[in-house]
Amino acid sequence: MAGIFDFGPAIVLLPFLSFLIAVGTALSGRDLLPKGGAIPGIAATAGSLVLSVAMAAAVAGGEVYDETIYTWAVGAVPGSDGLELTFGLLIDPLSSMMLVIVTLVALLVHVFSLGYMNDDGETGLPRYYAGLGLFTASMLGFVVADNLLMAFMFFELVGLCSYLLIGFHFREPGPPSAAKKAFLVTRFGDYFFLIGVVAVFATFGTAQFVGTEAAPGFPVLAEQALAGEFTANTFLGLGTEAWFTVVGLLVLGGVIGKSAQFPLHTWLPDAMEGPTPVSALIHAATMVAAGVYLVARMYGFYAVSPTALGVIALVGGFTALFAGTMGVVKRELKQVLAYSTISQYGYMMLALGAGGYVAATFHLLTHAFFKALLFLGAGSVILAMHHNENMWDMGGLKDKMPVTYYSFLAGSLALAGIFPFAGFWSKDEILFETLIHGLDGQPLLLVGYVFGLLAVPVTAFYTFRMVFLTFHGDARTEQAESPESVRWNVKGPLVVLGTLATVAGAVNLAPVRVLTGAHVDFLHAWLDGGFSDLTVHHYAEIDPYSSAYIGGELTTVLLGAAVSLGLALLGLGLAYRLYAVPEPVEHTDKLGSAKDLLYDNYYQDEYQVYLANRVVLPVARAADTFDQGVVDGAVNAVSSVSLFSGSRIRRIQTGVVSNYAALVTLGLTALLVVFGVLGGWLL
Amino acid sequence: MIIEALIGITFLAALVVMLAPDEYAGKLAFALSLLPVVGSLYMWAGFDAGGNALMAGSIAYQTQLDWLTVAGYDLQWFVGVDGISLPLVVLSTVLSSLAIVSAWTPIDTRQSQFYGLMLFMEANLLGVFTALDFFLWFVFWEAVLVPMYFLIGVWGGPRRKYAAIKFFVYTNIASLVMFIGFMALVFNLPVGSFGLPEITQSLQAGELSSFVGLDPATLKLAAFAAMFAGFAVKVPVVPVHTWLPDAHVEAPTPVSVMLAGVLLKMGTYALLRFNFTMLPDVATRPLVATVIAAIAVISVIYGAMLALAQQDLKRIVAYSSVSSMGYVILGLIAYTGLGIGGATFQMVAHGLISGLMFMAVGVIYNVTHTRMVGDMSGMADRMPITVGILVAGAFGYMGLPLMAGFAAEYFIFQGAFASTVIPSAPLFTAASMFGIVIVAGYLLFAMQRTLFGEFSLETDYEVRRAHFHDVAPLAVLLLCTIALGVAPNIFFEMITDAIEPVVAVVGGGA
Amino acid sequence: MEPLLMQADQLPQWTALAPALALGLTGLLLILIDSVDPDSSRPALLAGIATVGSLASLGLAGWFLSAGTGQAGTGGGISLFGDALVVDGMALFFQALFASVTALVVVASYDYLHDHPHRAEFYSLVLFAATGMALMAAANSLAVAFIALELASLPSYALVAFLKRDAGSVEAGLKYFLIGALSSSVFAFGISLVYAATGSLLLPDVYAALSGGVEGLTGVAAVGILMVAGGFAFKTASVPFHFWAPEAYEGAPAPVSAFLSSASKAAGFALAFRVFVVGFPLDAGIDWVLLFQVLAVVTMTLGNFAAATQEEVKRMLAYSSIGHAGYALIGLAAFSGGAGGDVLGASMAHLLVYGFMNTGAFLFVALAEHWGVGRTFDDYAGLASRAPMASVAMSVFMFSLAGLPPFGGFFSKYFLFMGAIDAGFWWLAAVGAINSALSLFYYSRVVKALWLNDAVGEFELGSTPTALYAAIVFAAVATVLLLPGFAPVIETAQSVATTIVP
Amino acid sequence: MVPPQYYLLLAAAVFCIGVFGLLTRRNALLFLMSVELMLNAANINLVAFSYYWGNVTGQTFGLFTMALAAAEVAIGIGIILVLYRNFHEIDVTEATTMRW
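Read top to bottom, the protein sequences are chains A, B, C and D.
Residue 255 in my numbering sits at position 255 of the first sequence, with consecutive numbering throughout.
Residue 337 in my numbering sits at position 337 of the second sequence, with consecutive numbering throughout.
Residue 263 in my numbering sits at position 263 of the third sequence, with consecutive numbering throughout.
Residue 24 in my numbering sits at position 24 of the fourth sequence, with consecutive numbering throughout.
Simulated from the structure, these hints should not be mistaken for laboratory data.
Hints may be right or wrong, so weigh each one.
Estimated spans, in silico, between C-beta atoms of each pair [stated by the list, open to error]: (1) B:G46 x C:V456: 36 to 42 Å; (2) C:G485 x B:G192: 20 to 26 Å; (3) B:Y162 x A:D600: 17 to 23 Å; (4) A:V677 x C:G337: 20 to 26 Å.
From a predicted model like this one, the values you see are computed outputs, not experimental measurements.
No residue lacks a Cβ here, since even glycine has one placed at the ideal position from N, Cα and C.
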């Protein structure tokens, strides 16, 4: 039966095809395609979007899909069928939602690139579009992966694409370095992820997320193992639950790397060296989102491990605040956005750790729209400013580029969590979930909640500092006086995303449901469908949390919303006071010694560079010296000693025949004595 | 008879090319080298053997003729392939052809001798991978050294003579040590020939008798140690690896390709065939397994650290070969289907990828006449396609999914993690896996400094784009790498089939 | 079976000595020609006769071998002259070896002695020495052993000093002679002691007497045996009687060096194998297996280490020849009674291959001397570009000597090590292995000089000496073909060696 | 009858005298003579034990030894002659152009 799901692979393959076309064009070295190869990319992502929407519709109709489509390899295990390593498609509410997000953002980024790259006369466009195509394809492959190994493989390919795209301007010194850093830091995280994948296979014999009734996926097996219905292999003498925690944390390593969580967040701000549309793609829908998506994808596995959940929550909460504070002092537009990304993904992690599966997914959705919007808006500004990103060189752009301004404003309001923009709803739900679960005897979550809450005003402050510096006040440079105009291909995506950033919150108005009892939390319902083991209520059953309220659910909802909104407005107001003036000045000196700390990103880069340059490299050099001196020295010494003894031995041959006679006699005598003694006839 | 034809044709081709005039030697050698490629692919297409050749599996394209009798033992012309050897045969033929093409630009003296020796080496390599009689195998095994000595010594870099003799003597000592160990085993078995299957099966039937006061178990241990030491040099593993960087740095590009691509695999192939297939009961002793696993991990990490400290691109790749071979050792000692299968697969995968890396570095060297990281930058600007392929190859080396290296390394990791043979297998596995981070580190740093940034070059050579025939082999290797990464079953299925009996003896897990 | 092969059985018994006789008669014929017409110089004729004579000997030996003369299939060894001589497979095997080397040397000498007088004497001396060797291989009595050994030695002294106006040649001759004289007295004294203890010089009788125990005279017998071993050590250039070898080989005309280091050494081994295996039981008051183990280890180590740092190719070959004596000694050092034939056979096979590769190597030195390119490694630099064929041949010899395939030396050396391991003496093989690796180093120095180094100066090589070239190429071809064609060699060697084990 | 041990001792003594001469004399001719002594020591044994064992093998062999000794001397003298021609000296320690 040729259902819509049979076209599933096409979602991944279409962008891949556009990648191949672009590579072919790049190899030919000639201008074979109009627009530097953008058209195939746009067509492909549009096609994927259409298919994704169609699938979402099918999923909405209650259908789900989980099929193995390709057996990659089978490992021999004596006495069994062996360990199957496969590729498969898993289309369920979560993945179909993510598909729509990714394809939509990718399409918009492709379109935007027409304005940002093509119109700007960049060279190497086929290479750029090849990168975008592969990036999209990899991310889509990751999203639809039906097992952890396949997920890992596309996860890594996403990393490759980020390397290629961040380092797009390879002739300059910055981008290649940033690209290297991005790949290397995320690779460090992926190292743990890979161990995790291996461990999952070793533990359960499968890495399917869902599986079948007869052979369930590993989250279900983990559940069964803890219930004593299944014997999982554990290693290193650990108990079942402890081992699951270890495995979960290992996989989490990859998540922390890709989603730029503390302490592996350092690559992300540097990654701003890439073209701005790429940043949009990376931050909104692909690479960084991949980490969080992965946790959501295998949430059932984390849900059975309280320790892992606690770690996730704490890391997320801390990162949300930590990254936010760094965003406060940044001068470049994209830098601020970069730290906001880290911070926002921190929120999602917090939500996941706190049992807020829906909240995290919700924020993933809204964030995808408003962050893509902000980046594309920033791209529009940067384009207008001839690639000057310093906000202190801007100002007053509000009137000159109204479309950009208003859409950017919408995105900023969403980011700051101002009612009723999308970000408000999702962020509020995260804090709410954290609070109610924390109140029920989970001090760790309360700590996370405090972090998250503190990050709210910080977010609002840096967001609107950015808005005010960029768009308000007077133009501070000539470029800002007369910015370059941008065309439809820039404005179009901004408008689409601006609308979404404004209204996307409507998909899950959980507070409204609490208030009115109306079932307006559509996303909750959406995620509660599909495979029974992957539903929201199933997760709620197996996770270690239950809820407690301050005075009752309604009170808590209102209180939480009010507090977070109030804090957001506080931050906004502060920003307004400081920066919404015609001639804003840097107020960073007021921070005192904290200023340097924030400028230098808490010396996170420094210590990591120190580790690389002052620890690892010297160790490597020492190893090299050791290798040359001792190991190879031993080899050469053997040879020298042999040759030296050779040159000594030949001296026996004196050239005087009388000596020879004497030596012959001596030799014979020695033999006589020795063998006489041995033979027993002498002495 | 096809194996005889393959080896015979290659020998003949070597002879013809030796006698050909220098101007045509390269092209003639390439044309002739396509014959074995076609032959090996034909063998692959018609391959229908099952099981392990040494363990009573059916052997494909088998020929068995008596050659001579020595000390009451029959020595035979006994060749054939199974799922372990066939991929390596294909690798040898394909890589030889490509290496010959890659030599067209850099080799500009005594060409007919060069290409003749390359083909001569190929013929012997084919012999190594197909021989199933110990002495026959040993003849080919040692005979590979001779052309290699000349190829490094005549056409190499400034310290070529030192490197050549070091390679020559070091690996020769290793062979001798191994020989003594193996012979001590054979003479205490009730076998009538040096046929490897017969010896293996007799050993596994527990027919070993004691020798000079050593009981069979001790004798096995001693023989295992001697053979391991001997093969370890060839692989090479730390600490007997130091000949390799010297040989690689001095060898001309095509020779490095063959050295890293195929010659190193002789060592791991032999380890698998001899140590791990014949003496599983020794290898699986906890202490032995621990030591070998430790050697593997040290090779991986230490080799990678050494690569990190290098400035010469070729040295970087050379040390990273040490690192990659460490994975193979880990996979072998795991004694699991994926472990040993992955190790075998890694032999092929690393052959392709390291060949690709050496070739790409060679193409850049042809143009810039330097390989030092500090001497150049921004090569991507001048040689976009070469650099593009080099970057792809480097990512392959780092174990990028859907390229052969990832498949191999993943199989190994998966296999080693659950190994019941290595004590604390997850710790060893996790430790060795850290190699994938370091490899990314040194390759990314080196690429950043040489390929990207503003173009500059310390030497004053004119930088031209590479010839088509320089780049074409790179592209072919890259495509092979991707093909194997996407569809490992091109080889992995037959490998699995052949190693399953080995694993079954131990009864290991996944 | 072919009719020709049948006939070998039906010949009179004495004809079994035909290979030796052919050599001796040819030597006499040459003397005769020379005395009839001493002044006329007919080098081609003389060399031709010598070649034909040695080839005839080779042919006869080969024929007998393939016909099974003196072997188990036709009733065992043929005893002659009151058992003083025995012609069996081993004797024929060695006689074939001597004849081959003699033929090569004779052919090569044609060019080497191109403007030299006294050629007839030279050829006849070579052939007489070869006759002595052929008899050594067949000696079944200590008396014959001594006489044959002297018959081989005396012409050799003269041959080494043949270039009587060349100080090196004379010095070499002197040293060879003096140490030879000393050794032969030791040998003779040893024989006299063995006779004193056993009352017989016939090997089987000696064996019987010693096995039965010689009360009161055990020490005498043991000293005798040790001194007899000394005599062989001289002939085979083994420690501690090796001191003559480096100088003799270096100073002698290169073809003579080839002859001595290949044939003469093999003759020493032929005699030693038979005397010790047939004549001296393992428990005759001296553990002669241990003795040979010591000698083998010391000899191969000393030879190889001293060779490693030589400057001159010829002297390096001389030391390497000592090293190879050490390898060949494994045949006796790993001898273990019943199954000892295998390792003896391996040793014999090694000597045969060594006969070709080592002769070839010295003949290449002869070629270099003929061209006057100098003697050191450095002088050989870049020779490959000017004499590629000869250089290929020399590389073949070097790699074969080092025990690398695809050359004959590979199998012979490894079968030898194998024999040692088989007998339980794995450490002997290990010592051999260390030495073998070291030897690869210095052998490859020659190859390096030829192929890897660039010529220092420019000068013309003279005309190509056809005969010398032919001999070298033939030796090289034989060395290569002895790998695929090793079957008859090793199988014959081991089967004939097994028959002499009592 | 003289017990055979005495012959052995005599022979050994003669042999040792020969060896002593060999080691101490640098004149080639004296060297040669010392070797002759050693050979004759062997002859003493051969003849004595021929009598002891009651067969003629030893005596016959003794004759051969003498003949060979003579031949050896003939060759030796020849070599000493050319030695003198080349080195103008018959001191055996003078010819040392080749060593090590």
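Taking the hints in turn, this is what the structure says about them:
1. A hinted range of 36 to 42 Å for the beta carbons of G46 of chain B and V456 of chain C is inconsistent with their spacing of about 56 Å.
2. Between G485 of chain C and G192 of chain B the beta carbon distance is about 22 Å. The supplied range of 20 to 26 Å therefore holds.
3. At about 49 Å, the beta-carbon gap between Y162 of chain B and D600 of chain A misses the expected band of 17 to 23 Å.
4. Under the hint 20 to 26 Å, the C-beta atoms of V677 of chain A and G337 of chain C, about 24 Å apart, fit the expected range.
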